[in-house]
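Novice: What follows is each chain in one-letter form.
There are 2 protein chains.
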Amino acid sequence: MSLQLVVIGCGSATPAGNRISSSFALKKGNEVFLIDCSEGSQMRLKPYGIRMNKISRIFISHLHGDHYFGLVGLLSTFHLFGRKDELHVYGHSLLKEIIDIQMKVGNTSLSYPLHFHEIEAEKNALIYEDDAMTIETFPLIHSIPTNGFLFKEKGRPLNLKKDFVKTYNPSVDCMQSIKEGNDFMDSDGHVLLHKEITEPSSFKPKIFAYCSDTVYTETIIPYIKGADLLYHEATFMDDMLYAAKDKLHATASQAARIAATAEVKALLIGHYSARYASIDPLLEEAKRFFPNTIAAEEGLVIEV
Amino acid sequence: MSLQLVVIGCGSATPAGNRISSSFALKKGNEVFLIDCSEGSQMRLKPYGIRMNKISRIFISHLHGDHYFGLVGLLSTFHLFGRKDELHVYGHSLLKEIIDIQMKVGNTSLSYPLHFHEIEAEKNALIYEDDAMTIETFPLIHSIPTNGFLFKEKGRPLNLKKDFVKTYNPSVDCMQSIKEGNDFMDSDGHVLLHKEITEPSSFKPKIFAYCSDTVYTETIIPYIKGADLLYHEATFMDDMLYAAKDKLHATASQAARIAATAEVKALLIGHYSARYASIDPLLEEAKRFFPNTIAAEEGLVIEV
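Here the protein sequences come in this chain order: A and B.
The numbering used here numbers the first residue of the first sequence as 46 and each following residue consecutively.
The numbering used here numbers the first residue of the second sequence as 46 and each following residue consecutively.
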């Protein structure tokens with residue numbers, strides 16, 4: 046299992062040309078998490094190889110339309126396709142009201158269980174955990190309450206050494222017991238110590254940090270520190286620094302400086318202002334401060 | 046000035062391939078009326094030659110998402126582009142609530158005056174009138190309150206005969222007086238009768254009738270009678286008649302029979318179920334009952 050990010054949309058406030066607003070899919074094994082869901086997102090799923098019925102959780106960073114205007118249409122399409130699997134939506138409390146009123150006016154009683162999980166602005170919180178990963182939310186600084194998300198894979202338990210397994214042919218229960226930290230006793234009563242018969246898993250857990258809309262702020266560093274991939278908005282370039290500050294957005298170089306300070310492994314920039322027909326200059330600006338920067342473009346697939 | 050209809054979207058409940066849901070633009074002179082506004086409509090305006098700042102009125106037939114999920118995004122884009130001109134939106138009362146809550150959560154105070162006009166379901170009413178046209182709404186029969194719209198150009202006043210104008214060189218006030226029905230007296234006191242110096246305008250006022258979602262019902266005939274162009278939904282073909290009745294939609298042949306009974310000049314079908322990759326069979330079915338049928342497809346421009 047690996048984490049794979051698909052860029053569905055990477056524009057900002059308004060659609061521009063073929064570029065739609067913020068929308069990303071994070072694939073993990075058989076599941077897909079949607080992160081923000083702008084208008085037109087559902088039309089891009091199939092062309093970008095994202096299977097609708099694999100989407101299990103949707104995370105909405107904040108309630109500016111360019112981050113959620115595609116959500117209710119998608120929920121409605123799930124229903125019209127007869128979805129049965131439960132769906133989890135994470136967002137600020139008013140998002141539930143927005144969903145509810147639109148279902149009510151359409152006289153729609155969803156075909157599937159929709160679980161809404163309220164996230165609190167200005168709080169770092171664990172919002173999901175299973176055997177393989179955790180998902181946290183943390184506060185960004187923007188003109189309305191806005192949250193980032195942190196997707197962290199968990200490490201795997203120690204492996205049993207191949208030689209040991211070959212020689213002693215342990216039972217399943219026995220292997221489980223060793224994985225839990227116990228030593229092994231063979232049929233003659235000889236004890237093999239836990240540390241002698243195990244070795245670290247080669248699996249490297251990955252971390253993806255998502256910072257949708259935010260002004261430049263070092264308050265996010267503790268959360269995103271050392272991430273394998275950081276998505277950080279880069280609405281403007283430095284010559285628009287004043288506009289960026291005014292609208293509580295960041296520039297490409299600011300995103301890059303955050304990436305450098307947080308010592309992440311790779312930076313993905315996006316949320317480009319519609320004024321940039323070409324994103325090359327933004328990428329260039331970011332690379333001056335953080336060489337391992339990738340510019341989001343629609344349909345791009347990144348191994349975290 | 047003529048009436049020109051542009052098909053922006055002609056799918057039904059869910060987007061299918063490149064086909065988005067119901068959305069049409071009616072161009073009249075320097076103004077554009079949007080009729081329904083599905084998700085993704087705003088992205089098609091520019092490619093289809095529709096200037097955003099010319100859109101003065103938006104009519105939403107009912108509150109199923111495939112007819113309005115693109116509305117709030119468009120209103121938001123108008124705002125972000127700094128629109129100043131007033132905009133008029135016509136729809137059922139809860140639409141206003143849906144708009145308001147989404148503007149509130151985004152902390153958006155629109156840059157332009159938005160006038161919301163509530164339309165009442167199950168009522169025929171005049172909802173707009175100016176010197177050149179009237180717009181009426183009338184009830185359709187669907188699973189939630191749904192309205193059709195009737196766009197009627199007004200006839201033009203009589204023209205002054207060219208010979209008269211050339212011979213007598215009347216003043217503007219004098220011409221206005223004759224157009225209002227008065228006779229003309231020359232400087233010698235001779236009276237020329239109104240009927241002698243005027244002739245009918247060659248302008249032929251057009252009527253466009255829009256029936257978004259409706260089961261087959263002859264109750265709409267009195268409203269749409271004799272229209273130059275009737276748009277009538279044709280979600281299914283006759284082999285799905287049972288589904289059509291069940292979901293309160295119409296088939297292609299039913300749309301055609303309505304067109305024939307109402308003696309309209311041309312029929313436009315649309316709102317195709319996503320099951321139809323090709324719409325040729327629907328067109329064929331309709332043409333058997335009403336030969337002058339046109340199948341809507343995105344980007345199609347029709348002179349009413």
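Simulated from the structure, these hints should not be mistaken for laboratory data.
Any given hint could be a false lead.
All copies of an identical chain are treated as equivalent in the list; a pair is satisfied when it fits inside any one copy or across any two copies.
[Unchecked claim] No more than 30 Å apart at the CA atoms, straight line, and that leaves these computed lysine-lysine pairs for BS3-like: (1) K292 x K141; (2) K292 x K91; (3) K310 x K141; (4) K99 x K206; (5) K73 x K91; (6) K211 x K197; (7) K129 x K168; (8) K240 x K292; (9) K240 x K168; (10) K211 x K290; (11) K129 x K292; (12) K211 x K292; (13) K207 x K141.
What you are looking at is a predicted structure, and each value in this text was computed from that prediction instead of being measured.
Novice: Confirm or reject each hint.
Specialist: Outcome of the hint check:
Taking the closest pair of Cα atoms, K292 and K141 come within 30 Å of each other both inside a single copy (26 Å) and across two copies (27 Å). Taking the closest pair of Cα atoms, K292 and K91 come within 30 Å of each other only across two copies (27 Å); inside a single copy the shortest separation is 34 Å, beyond that limit. Within a single copy, K310 and K141 get their C-alpha atoms no closer than 35 Å, and across copies no closer than 47 Å, so neither meets the 30 Å cut-off. Taking the shortest alpha-carbon separations for K99 and K206, neither the intra-copy value of 35 Å nor the inter-copy value of 72 Å comes in at or below 30 Å.
In this homomeric assembly, K73 and K91 come within 30 Å of each other (Cα to Cα) only inside a single copy, at 17 Å, whereas the closest approach across copies is 37 Å. Taking the closest pair of Cα atoms, K211 and K197 never come within 30 Å of each other, the shortest separation being 34 Å inside a single copy and 86 Å across copies. When the C-alpha separation of K129 and K168 is checked against a cutoff of 30 Å, the pair qualifies neither within a copy, at 32 Å, nor between copies, at 38 Å. For the identical chains of this complex, K240 and K292 are neighbours neither inside a copy (56 Å) nor across copies (66 Å), given an alpha-carbon limit of 30 Å.
For the identical chains of this complex, K240 and K168 are neighbours neither inside a copy (40 Å) nor across copies (81 Å), given an alpha-carbon limit of 30 Å. Taking the shortest Cα distances, K211 and K290 never come within 30 Å of each other, neither inside one copy (63 Å) nor across copies (67 Å). In the homo-oligomer, the alpha carbons of K129 and K292 lie at most 30 Å apart only across protomers (21 Å), although the nearest pairing inside one protomer, at 41 Å, exceeds that limit. Neither within a single protomer nor between protomers do K211 and K292 lie at most 30 Å apart by alpha-carbon distance, with minima of 63 Å and 63 Å respectively.
In this assembly of identical chains, the alpha carbons of K207 and K141 never lie at most 30 Å apart, being 51 Å within a copy and 67 Å across copies at closest.
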